[in-house]
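A.B. asks: Take a look at the letters that make up each chain.
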Amino acid sequence: DQQVKQNSPSLSVQEGRISILNCDYTNSMFDYFLWYKKYPAEGPTFLISISSIKDKNEDGRFTVFLNKSAKHLSLHIVPSQPGDSAVYFCAALTQGGSEKLVFGKGTKLTVNP
Amino acid sequence: GAVVSQHPSWVICKSGTSVKIECRSLDFQATTMFWYRQFPKQSLMLMATSNEGSKATYEQGVEKDKFLINHASLTLSTLTVTSAHPEDSSFYICSATGQGHEQYFGPGTRLTVT
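In order, the protein sequences belong to chains S and G.
1 is the number of the first residue of the first sequence in our numbering; add one for each residue after it.
114 is the number of the first residue of the second sequence in our numbering; add one for each residue after it.
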């Protein structure tokens, strides 16, 4: 039973355009969400997070949107750059719990010059 | 800030031997550390949660006698793969939490068992 789903295994966009990565979750107890970026043979790098009390969080080129009623979140990257090419993981946890992250399977983003 | 290191970055060992992987939080104290395993083209699989000064909590299906975890201090956790076999070959990654909910990951350790 996959509690965090990233249904698009890959995404390709042109440099300068917007990249939109999507994530759905099924566990209504999740109340904190994170996005990580991962290059091959490296550990994930934390990008941005959002608490369930918010519906948007922005940090530079990265914005995360949360739609609690739809149990859906998305990561927007604008403008996309070739260096953004990596695998992006969505993760969720329940605050006040074990702090264990539940990861999606990732979406491989390719930004073409 | 929030740097996590792992050592070694890659290791090759013979079947039947044991391998120890270290995970250190360099600029913060980590009450909790996590150990993950990643298979090619798959997501991160949580193996265990390690709390300083107490026994690790293992996920279902993870053999605690095979994957020994020690969290002796607030900046160091170790994972020992005992009696390694080729099927243990994988990419092992640790993470640590500071004061917030964000987990900061180490660079990973590639283990190859021949």
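Derived from the structure by calculation, the hints contain no laboratory data.
The reader is advised that the hints may include incorrect statements.
Claimed, not checked - Mimicking DSS-like on lysine-lysine, the simulated pairs with C-alpha atoms at most 25 Å apart in a straight line are:
(1) Lys100/S to Lys154/G
(2) Lys168/G to Lys105/S
(3) Lys5/S to Lys105/S
(4) Lys56/S to Lys5/S
(5) Lys54/S to Lys68/S
(6) Lys71/S to Lys5/S
(7) Lys100/S to Lys54/S
(8) Lys168/G to Lys56/S
(9) Lys177/G to Lys5/S
(10) Lys100/S to Lys68/S
(11) Lys100/S to Lys71/S
(12) Lys71/S to Lys105/S
(13) Lys100/S to Lys179/G
(14) Lys127/G to Lys179/G
(15) Lys133/G to Lys100/S
(16) Lys100/S to Lys127/G
(17) Lys108/S to Lys154/G
(18) Lys168/G to Lys179/G
A.B. asks: To test your reading of the hints: which numbers does this structure violate?
C.D. replies: 2, 8, 9 and 16
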